[in-house]
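Required output: the full structure, derived from the provided sequences and hints.
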Amino acid sequence: MIEARVTIRNRAGLHTRPAATLVKTAARFQAEFFIVNESLEINGKSIIGVMTLAAEQGATLLLRFDGPDEQQAAATVVDLFERGFDEQ
Amino acid sequence: MNVPQAAREEIILKGFAAAPGIAFGPAYLYSKEAPLVEMKDIAREELEAEVQRLRNANARSEKELQKILAFAEQKLGAQNARIFEAQIMILNDEILMKAMEQRIAAELKNAEYIVADEIGKYRRRMLESPDEYMHERAHDVEDVMHRIIRNIRDQKLFSRLDGEAIIISETLTPADTVIFSRNQVLGYATDLGGVSSHAALLSRSLKIPAVVGLRSATRCVNTGDDIAIDGYGGIVAVNPSPATIERLRNTARRFREFEEQLVGMAELPAETLDHRSIELSSNIEFAEEIPFARIQGSAGVGLYRTESQLIGRGEYPGEDEQYEVYKSVADGVYPHSVIFRTFDVGGDKLMPDAVSEENPFLGWRGIRMMLDRPELFMAHLRALLRASVRKNVRIMFPMISSLHEVRRSKEYVEKAKKELKEQQIRFDEKTKVGVMIEVPSAALLADEIASEVDFLSIGTNDLIQYMLAVDRDNSYVAPLFQQFHPAVLRMIRMVIEAGHKKHVWVGMCGEMAGDPLATILLVGMGLDELSVVPPVLPEIKKIVRSIRHREAKRIAEKALSLQTAEDVKKFLTDVMKQKLPEIPIEV
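Residue numbers (this note's numbering), protein chains in the order written: chain H, 1 to 88; chain B, 1001 to 1587.
Since the hints were derived computationally from the structure, they do not count as laboratory data.
Some clues are possibly wrong.
[What the hints assert, rightly or not] With a cut-off of at most 25 Å between alpha-carbon atoms, the simulated DSS-like pairs for lysine-lysine come out as follows: (1) B:K1063 <-> H:K24; (2) H:K24 <-> B:K1558; (3) B:K1542 <-> B:K1391; (4) B:K1109 <-> B:K1121; (5) H:K24 <-> B:K1067; (6) B:K1558 <-> B:K1542; (7) H:K24 <-> B:K1121.
Spelled out as structure tokens, the structure:
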């Protein structure tokens, strides 16, 4: 299991479009993916779950990956956050 | 409860006219209340069938939504159809679906109950958020939940809406308006909502009569009741009497006859008998409205609401995405001009930023927000300037209340121009920049503001609201929202005179510009432009073409000398009856 902390960089936080990008990216890996925001833990492969995260710009999230390709999954997803989901 | 005798009595409900037209038909009471879901145990041998019911319902729901999405894209454009995309994404959420299937198996409960319970959890969390945007998303989630439950029960959405109907509901979202318009909807009547709500704007462009702010319509009406809806006068009659039907038929006929007279008006210039020409343009918010505005004889767009791009999304579109929209609008309007009002977010308008304010109309809205968000403002201005290559783009700032804001806004325009030049991106160097006069302080400073900009456009809706301290969407004080209030007329005259002294063009893009009763007065006061909703354009043009400017001036002087709104209204009504008896005026 790997854990990583990320900060939301894009302006709109985790709204519908970035949420969809995140879910799609996570789905490419076998590893399970969970996001913890304060006390709430949700499945990062579930769009309705990610939509529920009222994560605004500047918020910090804990990401948890567990599975055979967890290294690669973590690297890809963290990179996505760092690029601000390629949004302006 | 069924009370046959009472049900036959006529009930007249008074609201606000939101979209013109008259219709008669049966009521369809549209209730957004959650379907009642019971928790039931299922036997182990029913398990497989129960899971299958859920899967089928899910597939059917997606099919329905795909159809709605395609329809919304065609009617409203891809941007505004996004609300439905989010709902489809939820239906495709495999984790969610698997969780629900597993729960049916583990708890041996009926599918409806599991759907309501599982999706309801997410909905509750969204509603607990302080973020307005999350509350909107909660509605999406709720809609999806109801859709699946309905499909599990194998019910059709509008099973009772076969044939034509007048929709009665507490409130309507833009999504509801679009969905219903696929059916044979004759009219909309709602308890809540204002005439400037998005649903009202949409029903106008879909040409469906609408009355809003009826307060108790859903309590007085049952599905199947006979209804007459009057979208000119803002009235809904339940079980209308023969006299009411007769009266409304007459009104409808007068409007129809008048509309026939207007055929051909589109090609004629908007000028008075003594050849003073008035620029008659349209207020729009979707590029899709341009063809209709053209047919109606519009000379360009006097107000394009850029914030329409934000509907149903929680973020500001990037520069390129904005540019695509503005470019298509500028191209569609060419060779005429289009005035783009910069993002006017806040107040009653949707706001992607999570801010909750005690008093949003006096809060962080319009130019105030843009000046506090330079990176957003710059992307917005760059996109607008890039769309100006055909030299028909004008930029207008909303909610200006001081000269300082005008100067700062212009500095950003200059900065955006400089950047574009450095990057060798083409734009029109002479793009005209103007101010929307809608705050009394800006009206009082119109003289100074006019010295620094290319045009002024009077936004009467907010100007009147701020001057008279009346929220017109608040039905308790709405009658106090008087556009013919002498103080309002004097302030409008002041702005026009100030602008003309500085040789800048003065227009009006508020609703008053589209009120036929006000046309002679406004022309007489000297406005250069009237920007109105496309449906009323031919009528306003007809009035302009029926008078002499000199005469209009005299009428305006007389109106300005009167002391109460009631007197002004009565005077103008008499003038219209005398000069243009064929124009149907609703008083």
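Numbered hints the structure breaks, given as an ascending list:
Of the numbered hints, 2 and 3 do not hold.
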